[in-house]
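Kindly produce the complete structure, drawing on both the sequences and the hints.
Number of protein chains: 4
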Amino acid sequence: MITYDYITKIYYKDIDQMGVVYYSRYFEFFEQARTEMLKGIDLIVTDIEKEGYYLPVVSATADYKEGARFEDKIIIRTMIKKLPQARMKIDYEVYRKTDNRLLVTGHTVHGFIDKDGKPKRPPKFLLDRLSSEFHQ
Amino acid sequence: MITYDYITKIYYKDIDQMGVVYYSRYFEFFEQARTEMLKGIDLIVTDIEKEGYYLPVVSATADYKEGARFEDKIIIRTMIKKLPQARMKIDYEVYRKTDNRLLVTGHTVHGFIDKDGKPKRPPKFLLDRLSSEFHQ
Amino acid sequence: MITYDYITKIYYKDIDQMGVVYYSRYFEFFEQARTEMLKGIDLIVTDIEKEGYYLPVVSATADYKEGARFEDKIIIRTMIKKLPQARMKIDYEVYRKTDNRLLVTGHTVHGFIDKDGKPKRPPKFLLDRLSSEFHQ
Amino acid sequence: MITYDYITKIYYKDIDQMGVVYYSRYFEFFEQARTEMLKGIDLIVTDIEKEGYYLPVVSATADYKEGARFEDKIIIRTMIKKLPQARMKIDYEVYRKTDNRLLVTGHTVHGFIDKDGKPKRPPKFLLDRLSSEFHQ
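So the protein sequences, as listed, match chains A, B, C and D. Just so it is clear: in the first sequence, position 72 is 132 by the numbering used here, and no numbers are missing. Just so it is clear: in the second sequence, position 98 is 158 by the numbering used here, and no numbers are missing. Just so it is clear: in the third sequence, position 121 is 181 by the numbering used here, and no numbers are missing. Just so it is clear: in the fourth sequence, position 66 is 126 by the numbering used here, and no numbers are missing.
Hints are not guaranteed to be accurate.
Note: identical chains are not told apart, hence a pair may lie in one copy or across any two.
[What the hints assert, rightly or not] Under the rule of at most 30 Å between Cα atoms (straight-line distance), these lysine-lysine pairs were calculated in the DSS-like manner:
#1 133 to 178
#2 110 to 184
#3 133 to 180
#4 175 to 142
#5 110 to 133
#6 69 to 175
#7 133 to 99
#8 142 to 69
#9 110 to 157
#10 133 to 69
#11 99 to 157
#12 125 to 175
#13 69 to 99
#14 142 to 125
#15 178 to 110
#16 141 to 157
#17 157 to 178
#18 141 to 184
#19 69 to 184
#20 110 to 175
#21 69 to 180
#22 184 to 133
#23 125 to 141
#24 157 to 180
#25 69 to 149
#26 184 to 125
#27 149 to 125
#28 110 to 180
#29 157 to 175
#30 157 to 69
Hints listed in this document are in silico derivations from the structure and should not be mistaken for laboratory results.
Shown next as structure tokens:
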């Protein structure tokens, strides 16, 4: 399993009139977190795209237990639990930093396409990189 | 079943560098659509909140088949398929208006809380309103 | 002068914890409004881009008098006050629909570039179209 | 003068189909930057609000020279150039981190209001805190 803890902070832009983070914002945090997780294992998304591979989201889910608030720091634990085949699944757990309380869980599933949107098999360099992390 | 077709349009703000709507934006469209669906049956969210009831999202999912593009009109078919008990589930189907192609499906599940975040049973006026729609 | 009234509505996604629209959201509304204003005079932004012209914002300003609230309808009066030369200026006035109260004013200034970001003169078809509106 | 350098990074959520940051996003970055600048001098916005003071934006401007791109790191130099009287002006300069190139400049002007939206004079603790920074 690959795990990465991404930390970000909540600002006014994220908060709705209930005083908590608006629900769609977590999907932006998920994107930030997975971009950094991949970077942490030398898979730069910009470089993957230069190689002609795009990783669109084909499915996204979030379950909300408690809302983060303005100026909260949150940890987004980002995980790849098994090696991708046609698709890559990434899991997320969002914790409030002060008390480590679990606020949100979720996952995204990513396909692989080329520049014209045609499905592709995941690139070998990506599978190799993930595989070497799994077998450390 | 309650069904409502909400139409909106895609602008630059919604589009990412793949040239399609960024995945989290659909959850904003879902919110717009369900607000109008409820309004269509005389349930104004602002009024519900004035009565002391808030409807936070406790779960949200989207499955992406194809991306909407800049200046596309989309139809968000919004559905309540069964009467809520403790929670209310709303389903969504997003179609491109020009060719009626299904782009995205999804759902949200809503709890009922008071101003301080304490869970409440769904208000009677809301259940009555939904119920009368189901039995038309 | 070219004038266009664009109407939109405020949803939860737009509102911050002060209970009013978050300040950056008005720039999204401005974009929606100017896209529709241009469409109203047969200048489709998608088509302009297909001709190889992009209209990036080079300057943007908003002055906030009063905040719009959840479920408010707002009118965005969108104006081109003089024919563009190297750059095109668009003015905006945002009114609350119920009482016509002026909430926000602002403007954007747009340059013209090609796909590679190189400055271009505004395209003739655009100047001709605007000009014919000014001389009606 | 008070100066604070806030660093953030650009993700897919920020990028439009021109491949650069969508123009309204910089106002979110400005908010993040000023929140951290104030925190850097022990003025926590959450605490200011608990004291009954809100700092709505009354005016916002940005001038765009060049667009930041996906995975760029940017520095937002955030400045208070003179002590606020009725209103507080904050200036911003956005630099790309790799080459220190100036991408965007801007400013926001903030009023002071109470919870009901009534204008107030800036709180003494805030003026004192800013003043002591100016006279260091």
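Against the structure, the hints:
no.	hint	result
1	133 to 178	between (39 Å within a copy, 23 Å between copies)
2	110 to 184	within (15 Å within a copy, 35 Å between copies)
3	133 to 180	between (37 Å within a copy, 29 Å between copies)
4	175 to 142	within (26 Å within a copy, 40 Å between copies)
5	110 to 133	between (33 Å within a copy, 19 Å between copies)
6	69 to 175	between (33 Å within a copy, 24 Å between copies)
7	133 to 99	both (21 Å within a copy, 14 Å between copies)
8	142 to 69	both (29 Å within a copy, 28 Å between copies)
9	110 to 157	between (35 Å within a copy, 21 Å between copies)
10	133 to 69	both (4 Å within a copy, 17 Å between copies)
11	99 to 157	both (22 Å within a copy, 18 Å between copies)
12	125 to 175	between (37 Å within a copy, 16 Å between copies)
13	69 to 99	both (20 Å within a copy, 13 Å between copies)
14	142 to 125	both (25 Å within a copy, 23 Å between copies)
15	178 to 110	both (16 Å within a copy, 22 Å between copies)
16	141 to 157	within (23 Å within a copy, 34 Å between copies)
17	157 to 178	between (41 Å within a copy, 23 Å between copies)
18	141 to 184	within (19 Å within a copy, 44 Å between copies)
19	69 to 184	between (35 Å within a copy, 28 Å between copies)
20	110 to 175	both (10 Å within a copy, 18 Å between copies)
21	69 to 180	between (36 Å within a copy, 29 Å between copies)
22	184 to 133	between (36 Å within a copy, 28 Å between copies)
23	125 to 141	both (22 Å within a copy, 24 Å between copies)
24	157 to 180	between (39 Å within a copy, 28 Å between copies)
25	69 to 149	both (25 Å within a copy, 24 Å between copies)
26	184 to 125	between (38 Å within a copy, 25 Å between copies)
27	149 to 125	both (22 Å within a copy, 16 Å between copies)
28	110 to 180	both (15 Å within a copy, 27 Å between copies)
29	157 to 175	between (39 Å within a copy, 24 Å between copies)
30	157 to 69	both (10 Å within a copy, 21 Å between copies)
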